[in-house]
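4 protein chains.
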Amino acid sequence: MNQNTVIEKLGRRLRLGVIGGGSGSFIGAMHRQAATLDGRFEIVAGALSSRPDKAIRDGELIGLPLDRIYTDAMDLIREESVRPDGAEVVAIMTPNDSHFIYAMAALDAGLHVICDKPMTNTLSDAKELHKKATDSGLVFCLTHNYSGYPMVRQARSMVEQGELGTIRLVQVEYVQGGKADENDPVTDDVVPWRYDPIRGGPSLVMGDIGTHAHHLLRYVTLLEVQSVSAEIGAIVPGRKTHDYAGALLHLTNGARGNFWVTQAAAGVENSLRIRVSGTRGSIEWHQEVPQRLEYKPLSAPVEVRTPSGPKLSPLAQNASRIVAGHPEGFHEAFANIYKDASEAIASKISGTSPSSLSATFPTSYDGLLGVMFVHDVIESSKSGGKWVECQSVDLVTDN
Amino acid sequence: MNQNTVIEKLGRRLRLGVIGGGSGSFIGAMHRQAATLDGRFEIVAGALSSRPDKAIRDGELIGLPLDRIYTDAMDLIREESVRPDGAEVVAIMTPNDSHFIYAMAALDAGLHVICDKPMTNTLSDAKELHKKATDSGLVFCLTHNYSGYPMVRQARSMVEQGELGTIRLVQVEYVQGGKADENDPVTDDVVPWRYDPIRGGPSLVMGDIGTHAHHLLRYVTLLEVQSVSAEIGAIVPGRKTHDYAGALLHLTNGARGNFWVTQAAAGVENSLRIRVSGTRGSIEWHQEVPQRLEYKPLSAPVEVRTPSGPKLSPLAQNASRIVAGHPEGFHEAFANIYKDASEAIASKISGTSPSSLSATFPTSYDGLLGVMFVHDVIESSKSGGKWVECQSVDLVTDN
Amino acid sequence: MNQNTVIEKLGRRLRLGVIGGGSGSFIGAMHRQAATLDGRFEIVAGALSSRPDKAIRDGELIGLPLDRIYTDAMDLIREESVRPDGAEVVAIMTPNDSHFIYAMAALDAGLHVICDKPMTNTLSDAKELHKKATDSGLVFCLTHNYSGYPMVRQARSMVEQGELGTIRLVQVEYVQGGKADENDPVTDDVVPWRYDPIRGGPSLVMGDIGTHAHHLLRYVTLLEVQSVSAEIGAIVPGRKTHDYAGALLHLTNGARGNFWVTQAAAGVENSLRIRVSGTRGSIEWHQEVPQRLEYKPLSAPVEVRTPSGPKLSPLAQNASRIVAGHPEGFHEAFANIYKDASEAIASKISGTSPSSLSATFPTSYDGLLGVMFVHDVIESSKSGGKWVECQSVDLVTDN
Amino acid sequence: MNQNTVIEKLGRRLRLGVIGGGSGSFIGAMHRQAATLDGRFEIVAGALSSRPDKAIRDGELIGLPLDRIYTDAMDLIREESVRPDGAEVVAIMTPNDSHFIYAMAALDAGLHVICDKPMTNTLSDAKELHKKATDSGLVFCLTHNYSGYPMVRQARSMVEQGELGTIRLVQVEYVQGGKADENDPVTDDVVPWRYDPIRGGPSLVMGDIGTHAHHLLRYVTLLEVQSVSAEIGAIVPGRKTHDYAGALLHLTNGARGNFWVTQAAAGVENSLRIRVSGTRGSIEWHQEVPQRLEYKPLSAPVEVRTPSGPKLSPLAQNASRIVAGHPEGFHEAFANIYKDASEAIASKISGTSPSSLSATFPTSYDGLLGVMFVHDVIESSKSGGKWVECQSVDLVTDN
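Protein chains in written order, with this note's numbering: chain A, 1 to 399; chain B, 1 to 399; chain C, 1 to 399; chain D, 1 to 399.
In short, the hints are calculated from the structure, not lab data.
No farther apart than 25 Å at their CA atoms in a straight line, the calculated lysine-lysine pairs in the PhoX-like style are these:
hint, chain 1, residue 1, chain 2, residue 2
1, A, K382, B, K382
2, C, K348, C, K127
3, D, K311, B, K311
4, C, K386, D, K382
5, C, K348, C, K132
Bound conformation, chain A alone (with noise of 0.2 Å):
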């Protein structure tokens, strides 16, 4: 089960400054409680909100001393980053179209940083940012939070230790309903942030939910993206952003995948799935009944693999906090992800190194990529479904 290494030899909590996630936000309290749940972070400023009397009052009820509410994220970082009892991180979860401004700013102060996806909405932006983190020494965390689900990182461990064999055929599919009334009110007028292509980026569904089944086929499969062949457009008729999308897929060891995500699938849930075949045997993962993993041999039967259950990798281990048969979620999942930022920082600070138990959370890297295979599927559909060479490729190769 979880353990601490790194944050116990340190002897103290993390100070982390949040920025966003005001009352209203979803993944506010999300995040909020992901740093908090393991005992490794302690909230000490926030920018929660970019309206004055909002931030105040939602930093109040978050516990902050007012001293500690910022209500411009700016303030936040230049201040915190030099008071000696000052945050040491910040996590940002604002609009997307911010992540880069604060992001950066941040980087630039010597803070830490824990930010949503999608990393930025330009592919320009990505880069800089990219670049930027890597040259700051610093850690940058992207919150792809479904890779922190304890069975999702058993799938990696069997596909790592070879129990799959060669990957050959890869699905991944990350289905929602929540944009399918086609009643719903949201119109031109009155739209929020995710409908506005500046503020919530070039493409509603890859920016929501396309990049996390990006971040999660690559996770799991160890591979990338080579080319893709793909469409990508808006079901409900009117709508003025992307709403569902569609791929083909060339991996880089030769394997064919596919993509499918959608926001427009009336009465589902949040149904993200990644199904990997070898040689050797296939796995099955549904996010909606995350703690159970089936892992389908070649010539033996199925197998179900548990949280805590046996002939768990260490990294699956790791990932849990409970005994078997009693369900973790969402939350601890996310957790997982602030643990094992909190695992890296700590490392940078005391100077040691993380247990590579808490090495694989998702980077400004894994951010590029995303942003960038958001690009080339919009190319892709564009140019009429002609199967398009992947720009991370390169990346890949320069890594």
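Keeping the supplied structure of chain A fixed, place chains B, C and D upon it in accordance with the hints.
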């Protein structure tokens, strides 16, 4: 539940001659059990093998008298069609390349035909056979047996009744592991007929299972494929026939689809799965647990529909033989196709009309569309993923 | 897979006469389809109803010639047993109270018997019939059809092979909703035979489903019930026959059991479920998804066994007709009982021995134990839950 | 979703002292995470171990200042209750035998109490503690945490709203495999406290999990157990404490119940399951997949209710923190109990009334009924399965 209608008025079983399906053929036993399960057909003649000794032995094994055992299917067709007590129908379950010649001969001889899928290997044969079947006034039934499952029929009814609203998104997949083993002894020297492109058709995976997936999509959605962007190939190294295909689809009402079939997913048994989302809700069906149809309305709890359970359409009710909770399976679904065909044939014989509940079985029209789809997928793949207008669209428009 | 053995050597189908099961009888169609599915029986005679006109009409409907349609079952037994081409076996599917008289007569006439459960209504009848069956040297098969499911047979094999270690704990339950509706029109004035204690037996719920659960427990665990502490009664107000029973059990090796059956659980379809735990692992099987057997080893991941899948016992393999992933259901399980019986009967006829794979079908011995168990449950319930030594224990010891 | 109410008006977190739950204690971490997840409690003091060195180290590990770390729980109670900034609540998670002494002392000192189950080991202690808690006017919360799952609360609401009609039949079971291994090193020489009848209570299986099952039955059905016919014992040879119990139940409205608990089912993880049937339908819930509640109406399709999904009661809605399809688990259910308790405590402090949505958490009354039930089961078992009137019935009548 399942009711006799026209066949009961006819007052006797239909006389069936079987072509192919000798010992060792999985599908042969299925056809014969499907034909006889409901007491609607009597097997009176057979040419079970092209090897004379095997034809005789296998014919005796299924209880045929020696004078109704044929060592050449053409003899069966010629002789049975002129006997006063001769077969009225032939069921063809030979390798794919001979479907055409036997079906043409049977229709020419005035016999009704029940034929295994795919209808033919070549497009020109499919067109010619479809024309012949249409002109003959005889019944031509193609055994896309998965459309016989009660819950597949319930799905179709729900689409037809508008319970899903306008169809927006479809995912259909057929994943098997039977050809996943790279150490499988099948080589170029000793190919079974399925691996031989002349006998098995241009695409193993499409002929075996892709046409089933294509038909299932059409059967449930009542839509046609308008255009396709696809890739097809062999993922197992050294294999000379296709073992996977992926495609993005545009359907005739503008809906988007995702299509994925493979026989190379190690450890997967027979995972045919369809999901359809409309403006009012989604449905999901999985062949490995065929007794469940999940219905996910836009804003109400998920419902599970079961055979002989509450709220079924007459079409679905008519496809069950048993009270709720007693699973029926593959055999009974297959038998539903034979049952439908028996109603159509008895109607022809007695000059009446079958109930609309028996009128959804696949015909030469569906067979032709299936063969066309195989060609469209191959063409799009050859052209590098380009969207290809389906040839079938004109046919649909004409029809 | 399912293989012909003795019946194949015999070179012909067995001649079967059916008693009961006219139109409107669910179980009648099941028996006839089970008998003919594998081509092992030919239905040559029938007395399908005690109402002469219905007997004739129903006989014609299933294709019998007029001279083999009987309006009295005793006539069928007498006449068929002396015809040279007469029935060799009778299948009895009449109301429970007439099982005894027809079965006795058939055995006296030298006919093998396949009989629906419960074997008889009274204990004295059960004892007499069991003695007759044993002395006759004829085959007596009782259709506890759930023991025909491939995964139930796999469960038995795993117990037999010691894969579960010493059995410690068993839960068996059979929950249905068919008699849950309190507004059901069945009243004292118009009782179907099942509600009539003389015709339906002393306990509706035990006769209908309790004896199935009891047999399933014994079939899978290879243990007998040694003593029982039970309650039985009617939960629906005003009902004059039992609709639920619960019991705690001691099994012959000291294992503990829990038994629960009811037909008054609104909305439940046909939930027969067994769970067995031994020192080395547990198994779980549920009739509503019969194609899955879960095996939970003491310290290894859960495995799912499937029909025709990997690691099956010969007993389980012999019970499937089809490749993995193509669900078989209730019909095919029922047919497995007929198939076993056909092997035993053909062996008697040809003077050979059937394979041990065909030797697990229920007999008059199982029927007698079932009737005894019904009485023990009622006795314990009457005595206020007191532990009652099962009468069957002596029988078991004798056997 | 989960809303702040009274605690928000109070404007601060409640000050909590923790007793027990040092490193190595699974339940300790659960309690602390449950307390802090929603930002409603601040852990200000602790006596985490009875071993002074461990108490200090573990206290520091969870971030307590040295002067709030106690090496004796009685010191914590005495000193914190007089500090101006002292703990207002204590959470007791020590071995079962010390619950009584600490809870009594805390109540005497005017502190609210959150206590792990079972409440006490002896019936006389339970009665005395319940009286004290009632008389004190303080909040006493017993952590039967499974009643915190959103879908358990939905089940209760559906019963309360009459959606199931009159309750007729209940099955509750709690099956685990944690004590199945007969080669487990636990012996008489080195017993953990759970195996010691003085410290762990008269019945290991009932104290550990039986009281949970009993509470769940009462929580969901809103009925009490009136009488019981039971057996309890050890199925693992040589074991000196109970590892299984079975019982038939009469509930206060005449409904019948079946109760089955064991910790000796090899390979089973944590299978707590409840099924309730009423005149209008049934519900089924299983702790291992807690995000699903199946509702089976008398004559309509099965519905699946999910957290934050459609058609939930306010009680269930209030128990989720997240949008539909994002699984919450054991931690969040446990936290719901703490959340409810925080509302009750904050109400006492501020002199207001908590919302009825927060009023279903278990109290000393439930704890007393649980301890009484353990004794009734043991008494019935000793008397050979005789039906025993539950002592709690008078209590219920009085209440």
